[in-house]
Amino acid sequence: MLYRETGQFKTDYAADQQLFPIRQDRIAIAVLIAVAFVAVPIAALTPGLRAVIDFNYWFNGVLIPFLIFSLAALGLNILTGYAGLLSLGTAAFMAVGAFAAYNFELRVPGIPMLLSFVLAGCVAAVVGIVFGLPSLRIRGFYLAVATLAAQFFVVWALTKFAWFSNYSTSGVITAQKIVVFGLAVDTPVKRYLLVLAIVSVMALAAKNLVRSAVGRAWMAVRDMDVAAEVVGIPIMKTKLLAFAISSFYCGVAGALYAFAYLGTVEPAGFELELSFRILFMVIIGGAGSILGSFLGAAFIVLLPIFLDLSANGVEHSFGLALPSGLVSNLTLIIFGALIVFFLAVEPLGLARLWQIGKEKLRLWPFPH
Amino acid sequence: MQFFFEVLIGGLLAGVMYSLVALGFVLIFKASGVFNFAQGAMVFFAALTTVGFASMGVPFWLAVALALAVMVALAFATERVVLRPLVNQPQITLFMATIGLSFFIEGIAQLAWGANVRALDLGIADEPIEWLMDRTGMNVSKFDLVASGIAAGLVAVLAVFFNKTRTGRALRAVADDHQAALSVGISLQKIWVIVWMTAGFVALVTGLLWGARNGVQFALTFLALKALPVLILGGLDSVAGAIVAGLIFGASEKLAEVYLGPYVGGGIESWFPYVLALGFLLVRPEGLFGERRIDRV
Amino acid sequence: MTALLEVDDVSLAFGGVVALQGVSFDVREHEVRAIIGPNGAGKSSMLNVINGVYHPQRGTVAFKGRKRRRVDPHDAAAQGIARTFQNIALFRGMSVLDNLMTGRNLKMKRGVFAQALYVGAARREELEHREKVEAIIDFLEIQHVRKTPVGRLPYGLQKRVELGRALAAEPELLLLDEPMAGMNVEEKQDMSRFILDVNDQMGTTVVLIEHDMGVVMDLSDRVVVLDYGRKIADGTPDEVRRDQRVIDAYLGVTH
Numbered sequence: 019m020l021y022r023e024t025g026q027f028k029t030d031y032a033a034d035q036q037l038f039p040i041r042q043d044r045i046a047i048a049v050l051i052a053v054a055f056v057a058v059p060i061a062a063l064t065p066g067l068r069a070v071i072d073f074n075y076w077f078n079g080v081l082i083p084f085l086i087f088s089l090a091a092l093g094l095n096i097l098t099g100y101a102g103l104l105s106l107g108t109a110a111f112m113a114v115g116a117f118a119a120y121n122f123e124l125r126v127p128g129i130p131m132l133l134s135f136v137l138a139g140c141v142a143a144v145v146g147i148v149f150g151l152p153s154l155r156i157r158g159f160y161l162a163v164a165t166l167a168a169q170f171f172v173v174w175a176l177t178k179f180a181w182f183s184n185y186s187t188s189g190v191i192t193a194q195k196i197v198v199f200g201l202a203v204d205t206p207v208k209r210y211l212l213v214l215a216i217v218s219v220m221a222l223a224a225k226n227l228v229r230s231a232v233g234r235a236w237m238a239v240r241d242m243d244v245a246a247e248v249v250g251i252p253i254m255k256t257k258l259l260a261f262a263i264s265s266f267y268c269g270v271a272g273a274l275y276a277f278a279y280l281g282t283v284e285p286a287g288f289e290l291e292l293s294f295r296i297l298f299m300v301i302i303g304g305a306g307s308i309l310g311s312f313l314g315a316a317f318i319v320l321l322p323i324f325l326d327l328s329a330n331g332v333e334h335s336f337g338l339a340l341p342s343g344l345v346s347n348l349t350l351i352i353f354g355a356l357i358v359f360f361l362a363v364e365p366l367g368l369a370r371l372w373q374i375g376k377e378k379l380r381l382w383p384f385p386h
Numbered sequence: 004m005q006f007f008f009e010v011l012i013g014g015l016l017a018g019v020m021y022s023l024v025a026l027g028f029v030l031i032f033k034a035s036g037v038f039n040f041a042q043g044a045m046v047f048f049a050a051l052t053t054v055g056f057a058s059m060g061v062p063f064w065l066a067v068a069l070a071l072a073v074m075v076a077l078a079f080a081t082e083r084v085v086l087r088p089l090v091n092q093p094q095i096t097l098f099m100a101t102i103g104l105s106f107f108i109e110g111i112a113q114l115a116w117g118a119n120v121r122a123l124d125l126g127i128a129d130e131p132i133e134w135l136m137d138r139t140g141m142n143v144s145k146f147d148l149v150a151s152g153i154a155a156g157l158v159a160v161l162a163v164f165f166n167k168t169r170t171g172r173a174l175r176a177v178a179d180d181h182q183a184a185l186s187v188g189i190s191l192q193k194i195w196v197i198v199w200m201t202a203g204f205v206a207l208v209t210g211l212l213w214g215a216r217n218g219v220q221f222a223l224t225f226l227a228l229k230a231l232p233v234l235i236l237g238g239l240d241s242v243a244g245a246i247v248a249g250l251i252f253g254a255s256e257k258l259a260e261v262y263l264g265p266y267v268g269g270g271i272e273s274w275f276p277y278v279l280a281l282g283f284l285l286v287r288p289e290g291l292f293g294e295r296r297i298d299r300v
Numbered sequence: 002m003t004a005l006l007e008v009d010d011v012s013l014a015f016g017g018v019v020a021l022q023g024v025s026f027d028v029r030e031h032e033v034r035a036i037i038g039p040n041g042a043g044k045s046s047m048l049n050v051i052n053g054v055y056h057p058q059r060g061t062v063a064f065k066g067r068k069r070r071r072v073d074p075h076d077a078a079a080q081g082i083a084r085t086f087q088n089i090a091l092f093r094g095m096s097v098l099d100n101l102m103t104g105r106n107l108k109m110k111r112g113v114f115a116q117a118l119y120v121g122a123a124r125r126e127e128l129e130h131r132e133k134v135e136a137i138i139d140f141l142e143i144q145h146v147r148k149t150p151v152g153r154l155p156y157g158l159q160k161r162v163e164l165g166r167a168l169a170a171e172p173e174l175l176l177l178d179e180p181m182a183g184m185n186v187e188e189k190q191d192m193s194r195f196i197l198d199v200n201d202q203m204g205t206t207v208v209l210i211e212h213d214m215g216v217v218m219d220l221s222d223r224v225v226v227l228d229y230g231r232k233i234a235d236g237t238p239d240e241v242r243r244d245q246r247v248i249d250a251y252l253g254v255t256h
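Chains as they are written, first to last, in this note's numbering: chain Y, 19 to 386; chain C, 4 to 300; chain P, 2 to 256.
Hints may contain errors.
Stated by the list, open to error - With the Cβ distance kept under 7 Å, some of the chain Y side facing chain C (calculated, not the full set):
#, residue
1, R155
2, F159
3, A355
As the list claims (entries may be wrong) - Now the in silico label distances, taken between C-beta atoms and shown as ranges:
#, chain 1, residue 1, chain 2, residue 2, range
4, Y, A57, C, A122, 54 to 62 Å
5, P, V113, Y, L132, 31 to 39 Å
6, P, Q202, Y, R41, 37 to 45 Å
7, Y, K255, C, Q182, 49 to 57 Å
8, P, A122, Y, E23, 25 to 33 Å
9, C, L263, Y, I147, 24 to 32 Å
10, C, A80, Y, Y31, 49 to 57 Å
Stated by the list, open to error - Covered by chain Y, per the in silico footprint, the following chain C stretches (three or more residues, Cβ under 8 Å):
#, stretch
11, 8-15
12, 85-99
13, 103-110
For the record, the hints were derived by calculation from the structure and aren't laboratory data. Bear in mind that the values here come from a model prediction, so they are computed numbers and not experimental data. Glycine included, C-beta positions come from ideal geometry on N, C-alpha and C.
Sequences are here, hints too, so could you generate the full structure?
In structure tokens:
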């Protein structure tokens, strides 16, 4: 009886086009925002709770990477999920963002950090457009090859041309300390809030884009580009715009990855494996869904942690010594199996399962 | 001049190895229209299984036979669990499914046999061929020659199989259109099992040869990535293309390494084949030997 | 009455296969022109040439007086030509509403940044076009499925949605490729009513390919008959029906 729309009538199109047309959804989102922005930081600063829960671990090891990967998954989802252009070069665009932000901070004295991030995203967008040009002639699986070229080339270039890493050995860079509006963002709580704010704003922008003309143009090109052309959609502009915006998101994610998460990065940390990881987030979470990007990121970030804890638990309860590498191999196996499972059974991923769940909830307690 | 020939021959022989890798992909692409990203993982798994059994004391020929049996079982399982549920999905979806499959196989392989690098000894030494060395002073490895011979033989057998037999024709029909093949009574399931078994066999041979050369290690899984430019150059659905393109890539890689290497510095081989392949895609997307596609609106 | 569209000596071949040979005809403003002919006569190819999906080797197409041989589909749309396809070219992953909204794409001017913010002018534009599209949804009586993903609709409704997407562009020339294919009698009556209303009320010129002779006779003002890529007759439905060459073509008399 909780999730009924009775009494909620929409009397104009504006009401129908809201982000959250159902009142219960609006309440749920308000609660989520309150918890994320207010309750969690307050809890992290409460001495009583800090003694019991290792907040640093949760921020540094779970929440911050989850948010950053969600942002990268959002970027890839725009390109692959909405515009239908398969990309295996996500990590390369993240690398561009990370190194660009580092260089802006290094070489432009007094530049506001947020501006560095935005500019880093823009640089990534330009690189994205360059490597997206082949998409005008090639499609499908062959386009993935072009993005592979981007992936390998970018990592090579960042290592080879020492200028990018300020002449350090093997291209390692240490991101500068974050200072926003004069405040040092140096504790896990503050970094969490910064990342949360940036990701929230960008997610909202993405949601607006995909429900506007540009989003429809992307989906039209994905579904049938000949028909899209006939309807008057400019194919070239649409595809390049997808590359640009997607790479912008991945670039900002990369900058946050270096500045707010790892602190120290090198080109070798942005290899093909990372691109695959983010692709898995999109497939499992749901291609063509904003929510799906978050669900997929959460899943991929949490699963190894969960397996680790389980393995430890098993070792302690039964006194066994599990073979080393068990968890990492199990992770590979489970990821691989889930990819095949979702592609075969529910290609729209966790997001679709969530939607089905909501539809069932609307009828609850009735079965249909 | 003689040095040039030495490098060239070495390159061509290495190229035959590339052709062998590419062949596994062509087989599956010809029959199911899917680029099997998991081929590299299959090569790794096959080699690792052989070495694993051998290190348990099993005689070598039996280890190979057991590994082959495992690959056959894998083929059946793949058809049942991956291909059947995804019949008639777009190429892209199948490609992503094979990415998932490759992770799965890698995980299983390492879980079963551990992640250490293993040596593989096939009994053929990696030494220069004596009479050639004495006559012309050229250094051509015995191993390379034998490996190329095996690979060439395999390729010839497969080429005949595809073009001259009934099953080969059925395979080509399935590659073209699943639904149409079904409607003329071709059993997709049987065909796919045959194809993946053959690919598994090719993976085993490839794994043994490459493993003997470089050791059986995780890096073998990335063969998929090395083969991609070769396939694009040769055409994804052409056995002849895989052969020719493999030779070209092998030769030019060796030659570039020796003659251009000092100028350009290391590492460009990580991306150069891809950019080359990309160029090809823009100009002649079906590769040197592939079939042109014309779509009707 | 002026000619809205003039097809002049168009020839089209794919490799060795000749699709059209020296076809010429005109389409007057506000009329309903049918293109008929046995299978393989080149009818769909003709439509594809008109809106630029295929480029003829010879001949020109003049729309609103502008004569061109090669036209981009995108340009054709911008000039006011909209069409439907024989095998339904809808965007299966999107809802009916979204499919129709893509038809308005050319009329939506706000840039990417404005759309990302979704306030002010961008939001107003979305709502404005939503209203126009809803009018078409009412006209085609598909209100009950407006949020349904198009891939899940039955064939007849999909054809209607495709017509809706073409209408959403407010075209001057509407090209319909077998709009009644696969429909039962009731559905054909509905579709005929829609086409006539579009022609009457909105003044849209219609060129349609159709196999059902009854529909052709009832709806069209003039008819072009193609056979093996050549035009064999051109006139009112009555004239064409009595033309011996047309009868021969349909009955399969060798020539």
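Verification of the supplied hints:
Given hint, R155/Y at the interface with chain C, holds; its Cβ is 5 Å from that chain's nearest Cβ, closer than 7 Å. At about 5 Å, the closest approach between the beta carbon of F159/Y and any beta carbon in chain C falls short of 7 Å, and the interface hint on this residue holds. Interface hint at A355/Y: satisfied, since its Cβ lies 6 Å from the closest Cβ of chain C, which is below the 7 Å cut-off. Separated by about 57 Å at the C-beta atoms, A57/Y and A122/C satisfy the suggested range of 54 to 62 Å.
Checked against the given bound of 31 to 39 Å, the beta carbons of V113/P and L132/Y, roughly 20 Å apart, lie outside it. The hint said 37 to 45 Å for the Cβ distance between Q202/P and R41/Y, and at roughly 40 Å that hint holds. One distance hint, 49 to 57 Å for the beta-carbon pair K255/Y and Q182/C, is violated here, with the actual separation near 35 Å. In this structure the hint that A122/P and E23/Y lie 25 to 33 Å apart at CB holds, the actual value being about 31 Å.
At roughly 30 Å, the beta carbons of L263/C and I147/Y sit within the given window of 24 to 32 Å. A80/C and Y31/Y have their C-beta atoms about 52 Å apart, which keeps the hinted 49 to 57 Å range intact. With a threshold of 8 Å between beta carbons, the proposed coverage of the stretch 8-15 of chain C by chain Y is violated, since 0 of its residues qualify and at least three are required. Remark: the stretch 85-99 of chain C is confirmed as covered by chain Y, as 10 of its residues place a Cβ nearer than 8 Å to a Cβ of that chain, reaching the required three.
With 8 residues having a Cβ less than 8 Å from any Cβ of chain Y, the stretch 103-110 of chain C passes the three-residue criterion, so the hint holds.
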